[in-house]
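Those sequence lines, one after another, are chains F and Z.
The first sequence begins at 83 in our numbering and counts up one residue at a time.
The second sequence begins at 83 in our numbering and counts up one residue at a time.
The hints are simulated quantities; they were obtained by calculation from the structure and are not laboratory data.
Watch out, some of these pointers could steer you wrong.
As the list makes no split between identical chains, a pair holds if one copy fits it or if it spans any two.
[Unchecked claim] With a Cα cut of at most 20 Å, we get these calculated SDA-like pairs of lysine to any residue:
no., residue 1, residue 2
1, Lys-112, Glu-98
2, Lys-195, Gln-111
3, Lys-195, Pro-169
4, Lys-112, Met-179
5, Lys-195, Pro-116
6, Lys-84, Lys-159
7, Lys-135, Ser-101
8, Lys-195, Glu-137
9, Lys-112, Gly-171
10, Lys-195, Gly-170
Note that the structure is predicted; figures quoted are calculated from it, not measured.
2 protein chains.
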Amino acid sequence: MKIIPSMSVEPAEVPEGASGMQIRWVIDQKAGAPNFAMRVVDIAPAGFTPLHKHEWEHEMYVIQGEGTMVSDDGEHKIRPGDAVFVPGGDLHQVRNMSGDLLRVMCLIPNLEKNC
Amino acid sequence: MKIIPSMSVEPAEVPEGASGMQIRWVIDQKAGAPNFAMRVVDIAPAGFTPLHKHEWEHEMYVIQGEGTMVSDDGEHKIRPGDAVFVPGGDLHQVRNMSGDLLRVMCLIPNLEKNC
């Protein structure tokens with residue numbers, strides 16, 4: 083087994099349309115994970131992830147801080163302990179409207195597997 | 083999207099060989115997740131998950147508390163923010179040697195997909 087202190091992972095490039103966002107790929111294919119990848123996403127106060135959609139799903143979990151999920155049907159508050167399932171094709175964005183760091187886990191399937 | 087407060091989920095039956103363990107399936111196939119499932123596992127002081135191995139992998143993350151991962155190569159301390167990758171086939175167990183609750187996330191692939 084591998085134990086990876088998540089903050090020891092170097093942040094990766096963030097996607098276009100993000101602000102105040104850091105993303106760390108803590109468990110991925112390079113670590114030997116065959117089916118899905120775990121990323122830890124930090125969003126600074128007033129920051130946000132891109133407002134976008136794609137064909138794959140997200141499974142998310144709020145580790146620290148409070149924020150807002152934006153979707154087709156409006157805005158939804160999220161807080162520590164909340165899990166969020168974003169099905170493939172759904173519009174989504176995470177926004178940090180608070181004065182403190184928002185840290186969420188965000189998992190995606192292995193996009194190279196066509197099944 | 084679905085927002086699921088993880089502690090609102092009813093604990094499921096725990097596997098044989100566990101003690102002081104609760105498991106909540108917060109995102110799974112019933113919620114529409116096609117590729118992998120998110121479970122939140124609580125381990126009470128002196129509690130443990132089964133010492134076992136299986137063909138599928140785990141991706142884990144320590145949310146709260148301190149504990150010990152047991153593997154073929156000994157014992158490893160885990161603390162909040164640590165991610166743990168357990169490849170398929172590796173022996174593993176989570177033990178709570180502390181006086182406080184240990185809460186970990188534990189994800190598994192969809193076992194009905196043979197790919």
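Status of each hint after checking the structure:
Taking CA atoms no more than 20 Å apart as the test, Lys-112 paired with Glu-98 passes in neither setting, with 23 Å inside one copy and 33 Å between copies. Both within a single protomer and between protomers do Lys-195 and Gln-111 lie at most 20 Å apart by alpha-carbon distance, with minima of 11 Å and 18 Å respectively. Within a single copy, Lys-195 and Pro-169 get their C-alpha atoms as close as 17 Å, and across copies as close as 18 Å, so both meet the 20 Å cut-off. Taking the shortest alpha-carbon separations for Lys-112 and Met-179, neither the intra-copy value of 34 Å nor the inter-copy value of 32 Å comes in at or below 20 Å.
Taking identical chains as interchangeable, the C-alpha atoms of Lys-195 and Pro-116 lie at most 20 Å apart whether they share a chain (9 Å) or sit on different chains (13 Å). Proximity of Lys-84 and Lys-159 under a CA criterion of 20 Å is satisfied inter-copy only: 12 Å between copies versus 34 Å inside one chain copy. Taking the shortest Cα distances, Lys-135 and Ser-101 sit within 20 Å of each other inside one copy (17 Å), while across copies they are farther apart (42 Å). Proximity of Lys-195 and Glu-137 under a CA criterion of 20 Å is satisfied in both settings, with 13 Å inside one chain copy and 18 Å between copies.
For the homomeric pair Lys-112 and Gly-171, the shortest alpha-carbon distance between copies (18 Å) is at most 20 Å, but the shortest distance inside one copy (26 Å) is not. Proximity of Lys-195 to Gly-170 under the C-alpha cut-off of 20 Å is found in both arrangements, the shortest distances being 15 Å within a copy and 18 Å between copies.
Of the numbered hints given earlier, the model fails hints 1 and 4; all others are met.
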